[in-house]
Amino acid sequence: MLTGERRQGLALISPTLLYSLLMLAAPLIMVLTFSFWTQNYLELDTTLTLDNYREAWSKPIYSTLIFRSLKISLIVTLVTVVLAFPIAYYLSFHVKQRKALWLFLITVPFWTSYLLRVFLWKVILGYNGVLNTALKGLGIIEEPLTFLLYNANAVVLTLAHAWAPFAILPIFVALEKIDRSLLEAAEDLGDGPVRRFFRITLPLAMPGVVASTLIVLIPTIGDFITPKLVGGTDGLMIANMIQIQFGKANNAPLGAALALSSMLIVASISAVIFLLGKRFGGKVQ
Amino acid sequence: MKSALKSLPSKWLAVYAVAYMVFLYAPVILLPMFAFNDATVISFPLTGFTAKWFGVLWQTEALHGAVRNSLVVGLSSAVLSTVLGACAARAAARYRFPLKRGIMSFILLPLVLPEIIVAVALLVLLMQLGMPLSLVTVVLGHVLICTPFAIAILSSAFQGLDQSLEEASFDLGETRWGTFRRVILPLVMPGVVSSLLITFTISLDEFIIAFFLTGTEVTLPVYIWSQLRFPGKLPSVMALGTILLVLSVLLLILAEWFRRRSARKQGIEASATGGFA
Amino acid sequence: MTSPLPKPIIDLKGITKSFGTFQALKGIDATINEGEFFSLLGPSGCGKTTLLRMIAGFEMPSSGTIMIGGKNMAGVPANRRPTNMVFQSYAIFPHLTVAENVGYGLKTRKLPKAEIAREVEQALNMVDLGGLGARAAHELSGGQRQRVALARALVMKPKVVLLDEPLSALDKKLRDQMQVELRQLQQKLGITFILVTHDQEEALTMSDRIAVMFEGRIAQLATPEQLYRRPVDRRVASFIGVMNFLDARATGPINGHLALDIPALGSIALPSAQIPEGLDPGRLNSIGIRPEMLTILFDGNEHAEQVARGEVTGTAYYGDMTYYSVRLPGHAEDVTISMRNTAGRSIVPAGSTVPVGWGADSIVLFQ
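Protein chains in written order, with our numbering: chain A, 1459 to 1743; chain B, 3 to 279; chain C, 4 to 370.
Pulled out of the complex, with its shape left as it was, chain A reads as follows (with noise of 0.2 Å):
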């Protein structure tokens, strides 16, 4: 019986995962394979090399790029989290009612189409945008702010927008399974409402939080829209110069060898936070 389960349960799974190892773990090796080759001109040279790695890795215009990246997208994370999770503590604490209504409010600018949100930023935070010319309307400023636009600040507040349903969820999950007789139990063995929150809030919380900041750091590694949209030169990330190096340089084994070496920069910033999150919040789950 339960070598049939077994059976049974990989049958069943197989259509999927077939189709995964076909259109992910294929192409991830292809893309792997592609890192280690070259590219002359129009032709490939399939002789494995790893030229692209050294290029990637030394060329200061790569370097520049993937640590301001990372930077950026450190920055974006860190706000992103920080600011949502006091939205996620006062759905769970606070919000007694209407709970559903809340997240489906929180979730519905998410579903406006991505290159409008992005773009409609760039309306808001430009030269005779509305930020501007509410500011200059009011009379606190005489002439338009200009670090608004064009710089990693833009790009950050964007991104920061984009994700922020994405950081909020994880955290409410982890706070709505926190036992409230557990808090109650922290404050009955004398424990003031701070303390309280340091003790056992956030720890159990740390999970949803490792979740969001892991959800919202590893994409936006590879985002390109904003960065291109609102970034300016300052602003460019490195998934610019993937898109740059599989469209118009023509030069996909370079491409493959940054996105492969960003990936693995990222992968292992991940790994530290998954750690530190696991030290931090103790032994939950």
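You may find that some hints are simply not true.
[What the hints assert, rightly or not] Residues of chain B clear of chain C, computed beta-carbon distances all greater than 12 Å: (1) Y27; (2) T49; (3) G50; (4) L59; (5) L65; (6) R70; (7) V74; (8) S78; (9) L111; (10) T218; (11) Q229; (12) R231; (13) K235; (14) V251; (15) L256.
[To be verified] Under the rule of at most 20 Å between Cα atoms (straight-line distance), these lysine to any residue pairs were calculated in the SDA-like manner: (16) K1706/A with Q1497/A; (17) K160/C with V24/B; (18) K102/B with Q1466/A; (19) K102/B with R1526/A; (20) K1580/A with P233/B; (21) K116/C with V17/B; (22) K13/B with P1544/A; (23) K1706/A with R231/B; (24) K1529/A with P1518/A; (25) K162/C with L256/B; (26) K1686/A with P233/B; (27) K13/B with W1560/A; (28) K110/C with L187/B; (29) K54/B with Q161/B; (30) K102/B with K1580/A; (31) K1580/A with G180/B; (32) K1557/A with V17/B; (33) K1557/A with V24/B; (34) K191/C with K116/C; (35) K1635/A with Q161/B; (36) K1557/A with G180/B; (37) K102/B with K160/C; (38) K1580/A with V24/B; (39) K1557/A with A19/B; (40) K102/B with A1483/A.
Simulated from the structure, these hints should not be mistaken for laboratory data.
Ideal placement from N, C-alpha and C gives every residue a C-beta, glycine not left out.
Dock chains B and C against the given chain A, drawing on the hints supplied.
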């Protein structure tokens, strides 16, 4: 005294929550504003009300093609990813099999993979296979990223399914197929519909993969991207975005309604977070 | 209660079941008779549910044969067996009404609609749910769900009804009431019921016969009375009710009797009829005696076959009964004595020394 202390953070949290919602909705509110604004430039102050940009959409042939393409891609992706998602969700909820955790994490991997990596990887493979880029290749990519969402939604439907219900049906003389038709399908149907709606919506909005994998026929987001460069086209793009937003929200409400109905049918309290819990 | 000539309906021979390296069943042999209320009783993990699910056809034995109504069930799936089950969770189909639930299996048999409706109504009346057919599943109370599950099984007219802890989800009062109703219904219909339970009281009050299971084996298969009065070993004895165990040894046979020395109580000669088959008097090391078989003699007028002395160390008042902890000389553990609180009988305070009456026929021998 104590209750006053308690209500203080609560009040500030409420203020913060409202401010946060303003931040979330700031760009979204602008969309219909400019869509109905009687000016060719996207800036304040608003000049007057008009619906003419919606009329412009009606006359743009290229747009109609893009809409058709997006519908085809969205429907195909929704159906395929929901079928694949149902297989995986059912297998995960019902059976124990070797490497289960590993296999499930691998299938769910696109959730945390940057889309550009997925797009680039698929592009490289298709290039090597010599497969021409077309709507089919976009569907292949969209199914890959939609399947994890389908699994998340369908998992709760399948997990809520008490295994003894199937056994009871079997015990009462019903066959495997009959049990599927009379017990399992009716109970998970709302989840399936919900999954179809969500995956359709994701595919409809997806840009990065479509951008890399699309051929000569473009999907709606790729069309919008090409229009963003022409300032003159922007007001009608705003109108288009407004329509898409309304459509997405309607689909979402519908999906949520079906999900709750599914939960209610199974006699369990619908969790507020749905499949993400 | 059982018919004078019991006709076997289920025959289990040498059943074993392994899950990987874990042996859930280690050789089960039993015969269950037609019209019998049969219980599988044991602690969780003893294999009783696995055995029931095997009879239903949800699990296949690793070895051994299951015969139902004279037919070997090997390879026969659950949907083609003459058994129907009442699940622990009741497994009421949540998307169907009460009537649709009860008629589920009849629809599979492709009976005409009118006939299904008639049979369903009959079955619902049988479990006192007449007229509730149109109710949605989620509108039912726990007790009603249990009745629907029962009606759904009975309407199939199975040879055997299998009940997997059907009362465990109900509260105490409802459970007691359902025990009586289930038993009456079974006797009226004359269908074989097999009940899985971990509640010894439930098994004792409802069953014709009980198989007590431990760790994949049947430890004893007997009527409730036999089980209570003559448990075969200490494990069975302590699982069913409360039992005081006292050290003892055989000092020799004396004209058809067995002479026993029980340091805590005294010496006694036991009629050999009371010695269980297969017991080697030489290996006898303890005896058991139930709390109600020991008596505190309140005044000299009460008669007892044998009398020992003990000191009351504690009391627990239960309303109709009082349980005394009594220390007997030379015995480390206190024994429990239960006394009915009859009129005029006061409770003996702790610290008092009391005469304890006992008799030969209440003694169970263990080795």
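Hints, one by one, checked against the model:
1. With a least beta-carbon separation of about 38 Å from chain C, Y27/B lies farther than 12 Å from that chain, consistent with its non-interface assignment.
2. Once the 12 Å rule is applied to beta carbons, T49/B is consistent with being away from chain C; the minimum gap is 56 Å.
3. The beta carbon of G50/B is kept farther than 12 Å from every beta carbon of chain C, the shortest such distance being approximately 54 Å.
4. Taking the minimum C-beta to C-beta distance to chain C, about 43 Å, the non-interface status of L59/B holds against the 12 Å cut.
5. Consistency note on L65/B: stated as away from chain C, and its beta-carbon is indeed over 12 Å from all of that chain's, at 43 Å minimum.
6. Residue placement check: R70/B keeps its beta carbon more than 12 Å from all beta carbons of chain C (closest about 37 Å).
7. Listed as a non-interface residue, V74/B keeps its Cβ farther than 12 Å from every Cβ of chain C; the least gap is roughly 34 Å.
8. Distance check on S78/B: its Cβ is at least 30 Å (rounded) from any Cβ of chain C, clearing the 12 Å threshold; non-interface status holds.
9. Annotated as non-interface, L111/B keeps its C-beta farther than 12 Å from every C-beta of chain C; the closest such distance is 30 Å.
10. Remark: the non-interface label on T218/B is consistent with the geometry, its nearest Cβ contact in chain C lying 48 Å away (cut-off 12 Å).
11. Listed as a non-interface residue, Q229/B keeps its Cβ farther than 12 Å from every Cβ of chain C; the least gap is roughly 47 Å.
12. Every C-beta of chain C lies more than 12 Å from that of R231/B, the closest at about 53 Å, which supports listing it as non-interface.
13. The Cβ of K235/B lies farther than 12 Å from every Cβ of chain C, with a closest approach of about 50 Å, so its non-interface assignment holds.
14. Every Cβ of chain C is farther than 12 Å from the Cβ of V251/B; the closest lies at roughly 29 Å, confirming the non-interface assignment.
15. Every CB of chain C is more than 12 Å from the CB of L256/B (nearest about 20 Å), matching its label as outside the interface.
16. With a C-alpha separation of about 13 Å, the suggested pairing of K1706/A with Q1497/A holds against the 20 Å cut-off.
17. The hinted pair formed by K160/C and V24/B fails the criterion: a straight-line CA distance of about 65 Å is larger than 20 Å.
18. Proposed proximity of K102/B and Q1466/A is supported: the alpha carbons are some 13 Å apart, at most 20 Å.
19. At most 20 Å may separate the alpha-carbon atoms for a hinted pair to count; K102/B and R1526/A exceed this at roughly 38 Å.
20. A hinted pair counts as satisfied when its Cα atoms are at most 20 Å apart, and K1580/A with P233/B qualifies at roughly 13 Å.
21. A distance of roughly 62 Å separates the Cα atoms of K116/C and V17/B; the hinted pair therefore is violated under the 20 Å criterion.
22. Using a Cα cut-off of 20 Å, the hinted pair K13/B and P1544/A holds, with the two alpha carbons roughly 12 Å apart.
23. This hinted pair checks out: K1706/A and R231/B have alpha carbons roughly 18 Å apart, not beyond 20 Å.
24. About 16 Å separates the Cα atoms of K1529/A and P1518/A, which keeps this hinted pair within 20 Å; it holds.
25. About 48 Å separates the Cα atoms of K162/C and L256/B, which puts this hinted pair outside 20 Å; it is violated.
26. Pair hint K1686/A plus P233/B holds up; C-alpha atoms about 16 Å apart against a cutoff of 20 Å.
27. The hinted pair formed by K13/B and W1560/A meets the criterion: a straight-line CA distance of about 17 Å does not exceed 20 Å.
28. Our distance criterion of 20 Å between C-alpha atoms is met by K110/C and L187/B, whose separation comes to about 17 Å.
29. Between K54/B and Q161/B, the direct Cα distance comes to roughly 50 Å. Violation of the 20 Å bound is thereby established for this hinted pair.
30. The straight-line distance between the Cα atoms of K102/B and K1580/A is roughly 45 Å, outside the 20 Å bound, and the hint therefore fails.
31. This hinted pair does not check out: K1580/A and G180/B have alpha carbons roughly 57 Å apart, beyond 20 Å.
32. For the hint pairing K1557/A with V17/B, the CA-to-CA distance comes to about 17 Å; that is within 20 Å, so the pair holds.
33. Restraint check for K1557/A and V24/B: the C-alpha separation of about 18 Å stays at or below 20 Å, so the hint holds.
34. This hinted pair does not check out: K191/C and K116/C have alpha carbons roughly 27 Å apart, beyond 20 Å.
35. Our distance criterion of 20 Å between C-alpha atoms is met by K1635/A and Q161/B, whose separation comes to about 18 Å.
36. Between K1557/A and G180/B the CA atoms are separated by roughly 39 Å; this puts the pair beyond 20 Å, and the hint is violated.
37. Restraint check: the Cα-Cα separation between K102/B and K160/C comes to about 41 Å, which exceeds 20 Å; the hinted pair is violated.
38. Proposed proximity of K1580/A and V24/B is supported: the alpha carbons are some 17 Å apart, at most 20 Å.
39. Taking the CA atoms of K1557/A and A19/B, the gap is near 13 Å; set against the 20 Å cutoff, the hint holds.
40. Taking the CA atoms of K102/B and A1483/A, the gap is near 17 Å; set against the 20 Å cutoff, the hint holds.
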